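S.K.: Starting from the structure of chain A, add chain B where the hints point.
There are 2 protein chains.
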Amino acid sequence: MLVRSGILAAADGDAVSVHNETGAGDVVLICEHASNRFPVSALDLGLSQEVRDSHAAWDPGALALAMLLSSRLDAVLIQANFSRLLYDCNRPPESPAAMPAKSEVYEISANVGLSAAERYARMAAFYVPFHDRISETFSARVGQGRRTVVITIHTFTPVYFGQPRSVEIGILHDADSRLADAMLALAPGEPYRIERNAPYGPDDGVTHSLQLHALPGGHLNVMIEVRNDLVRDEPGLAAAAECLERMVSNALATLSEASAGEA
Amino acid sequence: MLVRSGILAAADGDAVSVHNETGAGDVVLICEHASNRFPVSALDLGLSQEVRDSHAAWDPGALALAMLLSSRLDAVLIQANFSRLLYDCNRPPESPAAMPAKSEVYEISANVGLSAAERYARMAAFYVPFHDRISETFSARVGQGRRTVVITIHTFTPVYFGQPRSVEIGILHDADSRLADAMLALAPGEPYRIERNAPYGPDDGVTHSLQLHALPGGHLNVMIEVRNDLVRDEPGLAAAAECLERMVSNALATLSEASAGEA
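As they're listed, the protein sequences go chains A and B. Residues in the first sequence are numbered consecutively from 1, following this note's numbering. Residues in the second sequence are numbered consecutively from 1, following this note's numbering.
Okay, chain A solo, but in the shape it has when bound (with noise of 0.2 Å):
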């Protein structure tokens, strides 16, 4: 049996897209929960709309908030182009919130005792293609002698299990917590409510992009995750895409001006 095939029509197009391709900045953007689309000719999950408009299936505003930075910095920007829970790109296969059975109060039913065939097939048409669209990248950037830094983007809802969240951007690392702690230097200084490591941080799994593509080469990354109330229209998203461009353009510097005093 064909284990790959019948996953995407011809119709669905691509399962990860690239926006400004020849951009000249530094930073390389990445928005793993992009979309909530779902295959045109099958896999819709059976989901109400509710649950398909819901954070459960997207970050809504992070396309939109990471096309505005993306301008700003002159940044690459590579996006899924398929909801999360068909496969979440920023989880590994081996972890159970790759393919969720429940996202928090939304039961995903059709997600409940995959087989092995739908695991893989799903694996196989919506993370390989994303993850591996970036390290072509990456490598083509490293073999050009470019700066590479990264930076993930998303959103997270303002009320969680019922309790309201008062964090507005978070600012997430791993390991490296370099990009991270330049930034949260200077978030004092910009009007929002700007924390470490929330409302999650790395030990609930969320930095797997960055695990991948950021610490193995050394560059620079931070996950950054704003609260999606504050992106929903124009003003708020060119707020959020000012302030962030701010943050990341005067911490890259900062950065720089170690690493030249080391030299």
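Bear in mind the hints are in silico, worked out from the structure with no lab data behind them. Note that this is a predicted model, so its numbers are computed, not measured. Every residue, glycine too, gets a C-beta built ideally from N, C-alpha and C. Hints may contain errors.
[Claimed, not checked] Okay, the calculated bits of chain B under chain A, using three or more residues with CB under 8 Å as the criterion:
id	region
1	104-117
2	120-132
3	211-225
[What the hints assert, rightly or not] Label pairs and their in silico Cβ distance ranges:
id	chain 1	residue 1	chain 2	residue 2	range
4	A	Leu114	B	Arg196	21 to 31 Å
5	B	Glu136	A	Pro96	22 to 32 Å
6	A	Glu257	B	Lys102	44 to 54 Å
[To be verified] Sample of chain A residues with no beta-carbon within 10 Å of chain B, all distances over it, derived:
id	residue
7	Ile108
8	Ala116
9	Ala185
10	Glu195
M.R.: Leaving out everything else, chain B in the frame of chain A:
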């Protein structure tokens, strides 16, 4: 950072090989543990020759037996070309046994605490091409309207954790036991001690390839395990191949008659 490259150099060749690709028989043979080879460039895992020669690294005799069966059944044979200690192609990425830190009495210290990037790199280098090749083969056959019977060929160690095993040939199956049942019905006439789901079975997670490739398409399938002391030399291999060809051919003939009787 590039997560795929660096695993396999050009000198390593492909992760998967296909023998008798134009074979006209109904059977497709799969040999996940065919090889104890490690890439030339790196990734020898620092193992002693003893471990590299042991059943932990591969199934000794399985490829030679599969080649004989390929010839006798005119069957295409798909084999993995690297040691199961790098990636066990009969285990899904979510299984700890995919890149085992321990195998029977052997500690595989190089597999302890693997990073996400390393796990991804091995999965992409070894597991994905192997199963994609099988999928492609099956898709092509199905497209041509050809019958496809899936048989995976394995060997097991005669002594496990110090305990001798008396079973000589195991006929293993997952949810679809049609071919296994038909073969086991013929077992009393064969000069081996032949048992169902022994010395281990589907509950031990050993039927992954069947789950991926046979069950979703409804293809007849079976996993064959031969005790490796019985296939250490040419006479032993020839005897086992003769027995298995007879059992497989007669079982398939019985099943064809049965389905013709139903029609």
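S.K.: Next, verify each hint and record whether it holds.
M.R.: Okay, the hints, checked on the actual structure:
{"no.": "1", "hint": "104-117", "in the structure": "holds (count 3)"}
{"no.": "2", "hint": "120-132", "in the structure": "holds (count 6)"}
{"no.": "3", "hint": "211-225", "in the structure": "holds (count 9)"}
{"no.": "4", "hint": "A/Leu114 / B/Arg196: 21 to 31 Å", "in the structure": "holds, 27 Å"}
{"no.": "5", "hint": "B/Glu136 / A/Pro96: 22 to 32 Å", "in the structure": "holds, 29 Å"}
{"no.": "6", "hint": "A/Glu257 / B/Lys102: 44 to 54 Å", "in the structure": "holds, 48 Å"}
{"no.": "7", "hint": "Ile108", "in the structure": "holds, 17 Å"}
{"no.": "8", "hint": "Ala116", "in the structure": "violated, 4 Å"}
{"no.": "9", "hint": "Ala185", "in the structure": "holds, 26 Å"}
{"no.": "10", "hint": "Glu195", "in the structure": "holds, 25 Å"}
When each numbered hint is compared with the structure, a violation occurs for hint 8 only.
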